[in-house]
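There are 4 protein chains.
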Amino acid sequence: MEKRIQLTAEDRASFHNHADYCVGTGRLGLGLQAEYQEQLRLVQSKCHFKHIRGHGLFHEDLAIYQQAKLPDGTVREEYCFTYLDRLMDAYRACGLRPFLELGFMPWALASGENRIFWWKGNTTPPRDESAWTRLVKATLTHLKDRYGEEEVSQWPCEIWNEPNLPGFWENADLEKYLRLYQITALAVKEALPNMRVGGPAVCGGNTIEDWMERFLCFCRDEKLPLDFVSRHAYMGAAPERKGRYLYHTMCDTDFTIEEVRRTREHIDRFPMFRGLPLHITEFNTSYNPRCPIHDTAENAAHIAGLLAGLGDVADSYSYWTFGDVFEETGVPFTPFHGGFGMVADQCIPKPTLSAFEFFCNLSGECAWRDDSCVVMRHQDGSWEGVAWNIQRKGRESLTLRLSLPVSGRACLMTRWVDEERGNPLAAWHAMGEPASLTGEQLTFLREAAVPGTKAETLEGGQEAVLTLGPNAALHFALNPAPLSPDDGYDYSWYGSDPT
Amino acid sequence: MEKRIQLTAEDRASFHNHADYCVGTGRLGLGLQAEYQEQLRLVQSKCHFKHIRGHGLFHEDLAIYQQAKLPDGTVREEYCFTYLDRLMDAYRACGLRPFLELGFMPWALASGENRIFWWKGNTTPPRDESAWTRLVKATLTHLKDRYGEEEVSQWPCEIWNEPNLPGFWENADLEKYLRLYQITALAVKEALPNMRVGGPAVCGGNTIEDWMERFLCFCRDEKLPLDFVSRHAYMGAAPERKGRYLYHTMCDTDFTIEEVRRTREHIDRFPMFRGLPLHITEFNTSYNPRCPIHDTAENAAHIAGLLAGLGDVADSYSYWTFGDVFEETGVPFTPFHGGFGMVADQCIPKPTLSAFEFFCNLSGECAWRDDSCVVMRHQDGSWEGVAWNIQRKGRESLTLRLSLPVSGRACLMTRWVDEERGNPLAAWHAMGEPASLTGEQLTFLREAAVPGTKAETLEGGQEAVLTLGPNAALHFALNPAPLSPDDGYDYSWYGSDPT
Amino acid sequence: MEKRIQLTAEDRASFHNHADYCVGTGRLGLGLQAEYQEQLRLVQSKCHFKHIRGHGLFHEDLAIYQQAKLPDGTVREEYCFTYLDRLMDAYRACGLRPFLELGFMPWALASGENRIFWWKGNTTPPRDESAWTRLVKATLTHLKDRYGEEEVSQWPCEIWNEPNLPGFWENADLEKYLRLYQITALAVKEALPNMRVGGPAVCGGNTIEDWMERFLCFCRDEKLPLDFVSRHAYMGAAPERKGRYLYHTMCDTDFTIEEVRRTREHIDRFPMFRGLPLHITEFNTSYNPRCPIHDTAENAAHIAGLLAGLGDVADSYSYWTFGDVFEETGVPFTPFHGGFGMVADQCIPKPTLSAFEFFCNLSGECAWRDDSCVVMRHQDGSWEGVAWNIQRKGRESLTLRLSLPVSGRACLMTRWVDEERGNPLAAWHAMGEPASLTGEQLTFLREAAVPGTKAETLEGGQEAVLTLGPNAALHFALNPAPLSPDDGYDYSWYGSDPT
Amino acid sequence: MEKRIQLTAEDRASFHNHADYCVGTGRLGLGLQAEYQEQLRLVQSKCHFKHIRGHGLFHEDLAIYQQAKLPDGTVREEYCFTYLDRLMDAYRACGLRPFLELGFMPWALASGENRIFWWKGNTTPPRDESAWTRLVKATLTHLKDRYGEEEVSQWPCEIWNEPNLPGFWENADLEKYLRLYQITALAVKEALPNMRVGGPAVCGGNTIEDWMERFLCFCRDEKLPLDFVSRHAYMGAAPERKGRYLYHTMCDTDFTIEEVRRTREHIDRFPMFRGLPLHITEFNTSYNPRCPIHDTAENAAHIAGLLAGLGDVADSYSYWTFGDVFEETGVPFTPFHGGFGMVADQCIPKPTLSAFEFFCNLSGECAWRDDSCVVMRHQDGSWEGVAWNIQRKGRESLTLRLSLPVSGRACLMTRWVDEERGNPLAAWHAMGEPASLTGEQLTFLREAAVPGTKAETLEGGQEAVLTLGPNAALHFALNPAPLSPDDGYDYSWYGSDPT
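Protein chains in written order, with the working numbering: chain A, 1 to 499; chain B, 1 to 499; chain C, 1 to 499; chain D, 1 to 499.
Among the hints, a few may not be true.
You can't tell identical chains apart in this list, so a pair holds if it fits in one copy or across any two.
Result set (EDC-like, lysine to aspartate or glutamate): computed pairs, CA atoms no more than 16 Å apart in a straight line [claimed, not checked]:
1) Lys137 to Glu190
2) Lys120 to Glu170
3) Lys189 to Asp227
4) Lys176 to Asp128
5) Lys46 to Glu440
6) Lys46 to Asp20
Just so you know, the hints here were simulated from the structure itself, not pulled from any lab data.
My request is simple: use the sequences and hints to build the entire structure.
Written out as structure tokens, the structure reads:
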């Protein structure tokens, strides 16, 4: 397929880019691990995300809530912030602020045995509401004391995770969630009046409209604090299982965006909530951490499509998750295992990392946007953009012919990932899909993961031709590049004659 | 062109690989610079050279030889080892031992004004022979005290550099060089009896045979210590100047190897010197630090050819030089400037770095060698090798069809540099050949400098087909790779169907 | 107290220094954490331990043993080495080899519910012996494949931990331990014939002699592999509880050494086991990870005493544990919390780290040893040594007057920790014992943790006087130090006149 | 001596703290060296200086100004910014902006042979004024292009260095300096209209008043740009030479401050210049880089005195220099050699580094200042301050008794350097003043260089008693520190009873 796009310096298009606002992570306790932190540093060196959101703040492994049995048989509540401090310090060292998710129930506060994941997170209501709100307030107050009220007030705070699923909230009991929201939101504001609080953090599916309606009515009627609304969005449909893995077809990016738009419109039907920020606190292609799509170039192409459009309907969208240190279904056996991460274990970038890098670093004003590219213009007259070519089993290439007004000699720099480049999965397969990598294999895979690069000279307003192979995600920059050779340097003297 | 090579586990060929024995460096004083050390660390992370040799041990900037004027008007000799220690410590931190070159005359000891290079190294005989030998002995004794006699005795020690050129040794005066060798070699052995000493460090050209003959006769007749013979070898011929730059045609690799072979045979005609080690203490394509070939893929291809053959005629061959922090003709204006280095300034790898990486890490036994490849066999039944395709202005590809006995599923991993891959020069040209790089340009160039990678599955003894574009240097490894997929993982479910 | 020690170059004393052979760690799974690895790097930068031993190789969090339920309802055993590789790679990057402890029972293989520690390690026999030995063999075979047989054969392998305690081995059932040893030792040798295997890893107390007797008889009678014998040794007695903490008086170092000597003699009474290596695979003052002695200078003094003497009776002694990332009794609330570590959380050295540093770096031949010092002589005529002054509530100083033959000007360098220097605990107390440290507090505590230093000039064989305050551990070095001032440098021109 | 200072929360005193505004460096070309950058990183990790000023921007080794001889015999001017970029990037990586000193004459532009220092900086007027201003404009324009106009406009720009000394400016020719200032200041503004430009960068002495008068009149009369006035200030008097070293007595801090005050008043007598910023672009005790005072605690005490007072009379004061990589009198033979640096070679801190650290990190409002201390109060009710005790050969201690209103339990944290602590010089002397340090000696000296620390508990408004030994510089912080022990933790159970 081929497209021709001709732009002038005056062209403008709508594009809301929140790609770098937030990123997801496996449960917070894993943030103490060295491998996790290395993957995070790698991702941040390219994407510079601003916030990070993950599960399990109050899960056992962070060990915040403690009960000491006293000699007289009574129990004293204690709060242990040793690991929380260590984690928050690590995030800050990576330039990240938390997007707090208040959730998972300390076992000692749980009202039931409903547990989820390999790591057995408890997902039942508190058996003592005031103990729960004391815990929330103590935690936020501690963070305020350590990092300052001004700082911590900038951390958004979401209450619970996907309560409309029975695994994440016992019986998916809506009434009990509303009650939880009520007491928790008030507790948050008590501790930190300027912290932004929100919910209901629901996943998509057929219950979301009911939940959203009831949640918004409840907040309105009870006059509860509500600074933002949150939901999740995944593209996976029609799952099929094979061994440890789940495969499914993916919905269109448009379908997914429209799904979110309905929530946006739902909110806006409440006059008092019109324009209230909507955060997609999780999104991805598949919702399953053992779906091989996450390791592929196809994933990067889907995500590029979403990143171009989600800003129309939401104020942020947090990719679930930045890395592959993640234990929801247990410890993986192999470096590639369909994990959510943009980075495979041992810091091997997957194609999706580049898709994020491309969007997170875009600047300038949008001059053009369609279903396969975004083009930005800088004040200094240079241009950049991102393009993508989603091919589910198809093999069609996409050629974009861009006429962008740059006078004189210019340089077109493209960087891309696709089935061939920046895509270590095929190489790992050729190696036999080894579980333990040798040093040589690891070096090879990291080199195979580097995006393709190409730099071309364009003369006198010459058209920029971008050819995207199947499932490519591509960044280009077109800069004025007058030739200023050092006296006598002829780069073409040696070597074979170029074609 | 196409070749077919069929090997069994029993095939053996001759190949002497000393690629990692030594590497050259600009004048030693530059070794104190941060950029120099970063380039060196990068090179060492890939090549793990064992020794390093450079000019200017006794030049002013290392400040070893000092004269203090005393109140009574007399002069006291002093030796300052502050910078020497700092330099040696830096080399050791990179896993390197020096290959000492005793040379350049401290200005205060010089008998004349003959100077060379932007940095004005004095190249005249000492005006006081005993002051010179005191300096040599004091320096070696200091090194012995600091690093231990056993350690320092392993550092080869060459006397002077290219005395058969008048720029490097006043009037290219052979008699005076012989005298210098005599007093210096004896001084070395006095300080460190087990240090290996050698010379005459001559460059090629029409005087080399005379020099070699006289030098060997002199050592024999005077019963001087001589532990190795050294010379240089460059491929450049017929220079042509253009602005600041020099261009010339390159001799064949065979021509260069034969030239060295004549020196080998020359030595062996002296019964007492038969088999004495011969070190090529400098080699490269062009001998000029402003020859653009050094920045190109063609350079890598030539060097691969030399690395395959030089071991037949020499015990080591030291590439001049590892990096581009080098000031012989002044400070360069641009990151690429035809410098000798395997790495351009700001740590941008050039193609030649990969050629060295490929050879320095070869192991196993040689099963095949010809004029375009070397094939090694490992005890465990895996194979690896290096291939190259020198094309001066030609555009012919080279296809190698290798039949190597590996049973079952195998993985063929290739990494290569050529005109397209691992070759940042063309990208820099497209950028306009900027002198100052932006951060984005630097990142782009470093990615462009990563070698190409390809991993293929071979089944049941299938032929390995290596296609080398013009001026490619390529490494391949063929390893048994039984497929061991994790239960249910299907890497090909998603993405476009492979062709 | 004052002692006078006069030595000549000929004096020799017996001293077996195995301080650097092995160090302990909390459960292995914690080795994945960033803070753990930072503490380990700090310790290794000073002590350079060779081996590391910890619990929980087969505990859930390393996730090695897995059971997959197949669609047909059967169960397939799987071994996951993802985390094991990551851990072993981290150890090797710190220059460490494991001292393997085969132990803790995967929950899926456990025969009962006996569990220990906050992290719930199962300590029951396998319910399927062959599944257990398959696990052992699969694990060792994997390690052999990854790191090489020669390398892995150098890792000692101990079977289980403290089976004579019912917490660590259900009912402390000796017969069942012997059976476990039998099948496991044979499995080890099957996988790696040259791996050294041993047991019974018992703790001290009144059952140890019975256990040792039965174990040795059993190995002899059953002709089982036995390459070394292991036991533990702690100095704590008469515990008293206070809140979360345990306090007890400490036995003498001599008492502890004698206790080990009895085991040594016990082994030697078996002719076939005479001289068999005896490894103390855990030792410390208190055996409790909430005993404040571990944070004190007194601890360092006790340990110094043990390090001087334990080599008489054992082939190694592994301090339990190097760092404070340790969760046996849960997550600590405060940086100092009586943890076993030589280093408090956030990498604050405790005095005991210096005691180890002093012993681990000792070299030369022992010239003198008594109950408060060890003096070593180097071939080059210099001297060094370690001294200590254990004071339980006492306040006596110890003065050592050493006459060591060094001719001419000499330099006496001492470094020490005691109640005042290298002891951050008192400073932390003055700060109010904060749970969360500010950056300023952390910097202050790290500076407070630096050992005291003193350098003195001794002239003409002058006596070296070492004054040790209460609970000091001190290292000294006495080196020839002829004065070689730079011309005109007078260090005493400025500043107040020295006393 | 003893002083009693009683303060309330309302006390205020005048104190202008510009300690962190700027620091000096040896010639800029040395900034490319690895050791230089390590020393700078160390200093910046403690002091966080904002600007850095050094000599030799246009000296040969930065190689900016070049002349190429063309084939037709004419000469083409060229500007090479390779090293300048590398240097500026290194400064920025350390968080530093340059305080530019436009100076030293490229040899090719020099009108004479007047040279200074081991590195032979040319100090004559340009022989072609327009070539000089082209150079200035080209350099500033390049910096603007690379780092942005907004950024570079924040770099102050001083014209030449100490032109009132004949070594630094041929014949100390005032008229020629005024001409240089005129053409250069105008060139600066032409390139960067918002850059602040100033002079005359004179040293103290008997010519300074004349120079200042003439300079200010000239600027006024010629209506030249003048954004700040600059001068230098050193305390050294009555020099005495001994070998390579210079010793002199030091003027009082008051004397030095008064000297600067006269310049301040001089400026203010010009109505149009009243209040114009005055920068002391160099200050120190001795002006000689081979004066041992720089290595001593006495130096730190003098500097503390100056840092407390110089803000009364100047807008900044730049310590000459941060480190000991400095070659004005050649390469030093020994790690301590009286160099200006706060850090000796191999990154050994000298006492003066702590004096700067103490002042650079002071915050809050000044409550008290006298000739031996500064006391600051924070909004949260805590206190901090710096005290010093200058003793030239005297041995008097200084005791400060501070009554500072802090209610409840408080912690007094003091850190200090003096003759005993944080002072590695005496240890190095005891070692024999070795030129080459062993690894053990280096470790020892770095530990000896750590400041003393002490943390005390004060109860109920108890007086803080600070005892300063001779030549101490001390920082204290007094913070509320309620005791919050973990349940049962008794830090005093073990160890000797405190006195």
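We went through each hint and held it up to the structure:
1. Lys137 to Glu190: Answer is within: at 8 Å inside a copy they meet the 16 Å cutoff, but 57 Å across does not.
2. Lys120 to Glu170: within (14 Å within a copy, 26 Å between copies)
3. Lys189 to Asp227: So Lys189 and Asp227 pass the 16 Å test inside one copy only (11 Å; across, 50 Å).
4. Lys176 to Asp128: within (13 Å within a copy, 45 Å between copies)
5. Lys46 to Glu440: Between. Shortest inter-copy distance 12 Å satisfies the 16 Å Cα cut-off; intra-copy 25 Å does not.
6. Lys46 to Asp20: within (11 Å within a copy, 33 Å between copies)
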